[in-house]
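Asks: The task is simple: from the sequences and hints, build the whole structure.
Note that the protein sequences, when read in sequence, are chains A and B.
Throughout the first sequence, residue numbering follows the numbering used here, covering 1093 to 1199 in sequence.
Throughout the second sequence, residue numbering follows the numbering used here, covering 6 to 171 in sequence.
Think of the hints as simulated: they come from the structure by calculation, not from any bench.
Cβ coordinates follow ideal geometry from the N, Cα and C atoms, glycine included.
Take the hints with a grain of salt, since some may be wrong.
Stated by the list, open to error - A partial selection of chain A residues facing chain B, derived with a Cβ cut-off under 10 angstroms:
(1) Ile1114
(2) Ser1137
(3) Ile1154
(4) Val1172
(5) Ala1177
(6) Leu1178
(7) Arg1184
(8) Leu1196
(9) Lys1198
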Amino acid sequence: MTAIMNIGLNHFLVLSGTLFFIGLFAVLSKKNVIAVLMGLEVMLSSVNINLIAFNRYTSPEILTGNVFAIFVIALAAAEVAVGLALIVAIYRQRKTAEVQDYDLLKW
Amino acid sequence: MTFAVMFYVIAIITLGSALMMVTSTNIFHSALLMLVSFLGIAAVFVLLQADFLAAAQVLVYAGAITVFVIFGIMFTMKGDARKTNRFSKNAIPAAVLSLILIVINAAMVLKTQWPVSSHAPLEETVSSVAELMLTKYVVAFEVTAVLLLIAMIGAIVIVKEVKKPS
Chain A
1093 MTAIMNIGLN HFLVLSGTLF FIGLFAVLSK KNVIAVLMGL EVMLSSVNIN LIAFNRYTSP
1153 EILTGNVFAI FVIALAAAEV AVGLALIVAI YRQRKTAEVQ DYDLLKW
Chain B
6 MTFAVMFYVI AIITLGSALM MVTSTNIFHS ALLMLVSFLG IAAVFVLLQA DFLAAAQVLV
66 YAGAITVFVI FGIMFTMKGD ARKTNRFSKN AIPAAVLSLI LIVINAAMVL KTQWPVSSHA
126 PLEETVSSVA ELMLTKYVVA FEVTAVLLLI AMIGAIVIVK EVKKPS
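Replies: As structure tokens, then:
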């Protein structure tokens, strides 16, 4: 009971890992390419929980994990901008937003 | 005790909305549930005493990225909205794989002895984050600025309508 009610590093790591694999499930199983992108965002965001939890519980006096998480957030913003631009450009060409129709590079 | 209750409530909201995001067949509902999940993650940051990160999470993820995604949905949606977000044929293998990985991850985390420090967390995080970012990690900070500029220019160039030569 104390292991359940005494919240520590383990609880946050399990939470972020579970969220990461839910995002992986969305990436692997969805047809719509924007849903795939959303799963990717959830994965990136769950990694931040991991960074901050380690920062908070193993070295709370120096905030390196927070700085890394800020870089991850900036990268996620750049990634979603370029990703959606690509989706819009492909949609203009092929009039579809389903992943299995994006087969121009397949032979 | 209250910390534990808050943690479990936030965890259930975050994981539940993420799971509903995956299983919903309406992609617009998926986007809104993703927003709830991001706000839950911001609350987790508050629990971990990373207040600046919580604010950045709300601004960037819940604000900018959700707006971007909803813009993309509106641009590419056609036909019946209730059928816009279906599973592909590898949904069941993907679900099994994710479930196995969740269990493995939880088992590994719970088996490991982490080097937990008993040091009290910093009261005020913004100034220490700023100091680290502008001294030790200043090169990475500048590179990130350049990366954001490149991403912005790249997104504009990719989306820009190409005029056909007449």
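Asks: Hints first: check each against the structure and report whether it holds.
Replies: Status of each hint after checking the structure:
no. : hint    : in the structure
1   : Ile1114 : holds, 5 angstroms
2   : Ser1137 : holds, 5 angstroms
3   : Ile1154 : holds, 7 angstroms
4   : Val1172 : holds, 5 angstroms
5   : Ala1177 : holds, 4 angstroms
6   : Leu1178 : holds, 6 angstroms
7   : Arg1184 : holds, 8 angstroms
8   : Leu1196 : violated, 15 angstroms
9   : Lys1198 : violated, 16 angstroms
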